[in-house]
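K.L.:
Residues 54 to 333 (this note's numbering) are what the sequence shown spells out, left to right.
Calculated from the structure, these hints are not laboratory results. Cβ atoms here follow ideal geometry from the backbone N, Cα and C, with glycine treated the same way. Mixed in with the good hints there might be a few duds.
[What the hints assert, rightly or not] With beta-carbon atoms standing in for the labels, derived distance ranges: (1) Gly55 - Met144: 20 to 28 Å; (2) Arg249 - Asp301: 17 to 25 Å; (3) Lys320 - Asp263: 15 to 23 Å; (4) Asp311 - Ala158: 21 to 29 Å.
[To be verified] Using 25 Å as the maximum straight-line C-alpha spacing, the simulated BS3-like pairs for lysine-lysine come out as follows: (5) Lys87 - Lys121; (6) Lys320 - Lys308; (7) Lys118 - Lys101; (8) Lys119 - Lys101; (9) Lys103 - Lys260; (10) Lys103 - Lys118.
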Amino acid sequence: MGNRNYIREKKRIVVKIGSSSLTHQETGALDLRKLELLVRVLTDMRNKGKEVILVSSGAIAVGRKKLKLSGALTLAKKQACAAVGQAQLMMVYQRIFSEYNQSVAQLLLTKITMINDVGRTNAINTFNELLKLGVIPIVNENDTVSTYEMEKLIEFGDNDRLSAIVASLTNADLLILLSDIDGLFTDDPNINKDARFIEEVPVIDQKLIDMGKSTSSSSVGTGGMASKLVAAQIATYSNTDMIIANGDDIHVIEKIMDGENIGTLFKANSNESFNVKEFL
Numbered sequence: 054m055g056n057r058n059y060i061r062e063k064k065r066i067v068v069k070i071g072s073s074s075l076t077h078q079e080t081g082a083l084d085l086r087k088l089e090l091l092v093r094v095l096t097d098m099r100n101k102g103k104e105v106i107l108v109s110s111g112a113i114a115v116g117r118k119k120l121k122l123s124g125a126l127t128l129a130k131k132q133a134c135a136a137v138g139q140a141q142l143m144m145v146y147q148r149i150f151s152e153y154n155q156s157v158a159q160l161l162l163t164k165i166t167m168i169n170d171v172g173r174t175n176a177i178n179t180f181n182e183l184l185k186l187g188v189i190p191i192v193n194e195n196d197t198v199s200t201y202e203m204e205k206l207i208e209f210g211d212n213d214r215l216s217a218i219v220a221s222l223t224n225a226d227l228l229i230l231l232s233d234i235d236g237l238f239t240d241d242p243n244i245n246k247d248a249r250f251i252e253e254v255p256v257i258d259q260k261l262i263d264m265g266k267s268t269s270s271s272s273v274g275t276g277g278m279a280s281k282l283v284a285a286q287i288a289t290y291s292n293t294d295m296i297i298a299n300g301d302d303i304h305v306i307e308k309i310m311d312g313e314n315i316g317t318l319f320k321a322n323s324n325e326s327f328n329v330k331e332f333l
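All chains, full assembly: derive it from the sequences and hints.
P.N.:
This is the structure:
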């Protein structure tokens, strides 16, 4: 096993949590125990002097539950769910973070904003100022107004990719992707019992990219392993280490920050020719 003690020294950390880690599988309702624990862990990271950015999915899932909708949703209904769900999700985050005296901010991003020079610069400046003020930015894609993005024409892709873009734009030291799987395997472990776990990826090559398959055991998340490998490319090319770990136990964040060998570590591998704007 490689030594990960250096992870303890990381200063600016982006944490991404998906819908499947925030909601009860049986009902689709918010898992308040997990949410409260997530808030406590992130606040404690701030108390240790870390700069923390949270990329949180869940708006559509929460809105769907609130509006008591089931089955396939039209684009308009997805947007309605996102509007209702995002407000409720932030209300819950605000309430729990305030119990620990931690200020948070909401940033809803669209791809159009990120590819626009002025919009991107404003977003970067906002992130930097919030972090300087000790605030934890909570980021999501603006599903409510991103009509074309939700139709998958000009979308970020999912919050795996969005979190990597945020990590790149903010020059983060570490990106932690909390998933419904323990990390990267040679094949989908839900299907192939002989799939081997990959502890560390020094360099992302074409063979590894080809290995990624758009599968996920979650019915509410959108990101399969292929999207996580794209996120890993964005992060590592931007000189950010990335770790994929299972979000079923929120304490995994603390273990990662303590340097424990948990999840798959994608080592930063700065690529001078990589430009996040061109990638978008």
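K.L.:
Against each hint, give a clear statement of whether it holds in the structure.
P.N.:
A quick look at each hint next to the structure:
1. The supplied range of 20 to 28 Å is broken by Gly55 and Met144, whose beta-carbon atoms lie about 41 Å from each other.
2. Between Arg249 and Asp301, the C-beta spacing of about 21 Å keeps the proposed range 17 to 25 Å intact.
3. Remark: the range hint 15 to 23 Å for Lys320 to Asp263 is upheld by a beta-carbon distance near 20 Å.
4. For Asp311 and Ala158, the Cβ-Cβ distance of about 27 Å falls inside the hinted range of 21 to 29 Å, so the restraint holds.
5. As the CA atoms of Lys87 and Lys121 are separated by approximately 22 Å, the hinted pair is consistent with the 25 Å bound.
6. The straight-line distance between the Cα atoms of Lys320 and Lys308 is roughly 18 Å, inside the 25 Å bound, and the hint therefore holds.
7. Between Lys118 and Lys101 the CA atoms are separated by roughly 36 Å; this puts the pair beyond 25 Å, and the hint is violated.
8. Taking the CA atoms of Lys119 and Lys101, the gap is about 36 Å. The hint is violated against a cut of 25 Å.
9. Annotation: proposed proximity of Lys103 to Lys260 is violated, straight-line Cα distance about 35 Å (limit 25 Å).
10. Pair hint Lys103 plus Lys118 does not hold up; C-alpha atoms about 34 Å apart against a cutoff of 25 Å.
Going down the numbered hints, you'll see the structure goes against 1, 7, 8, 9 and 10, while the others check out.
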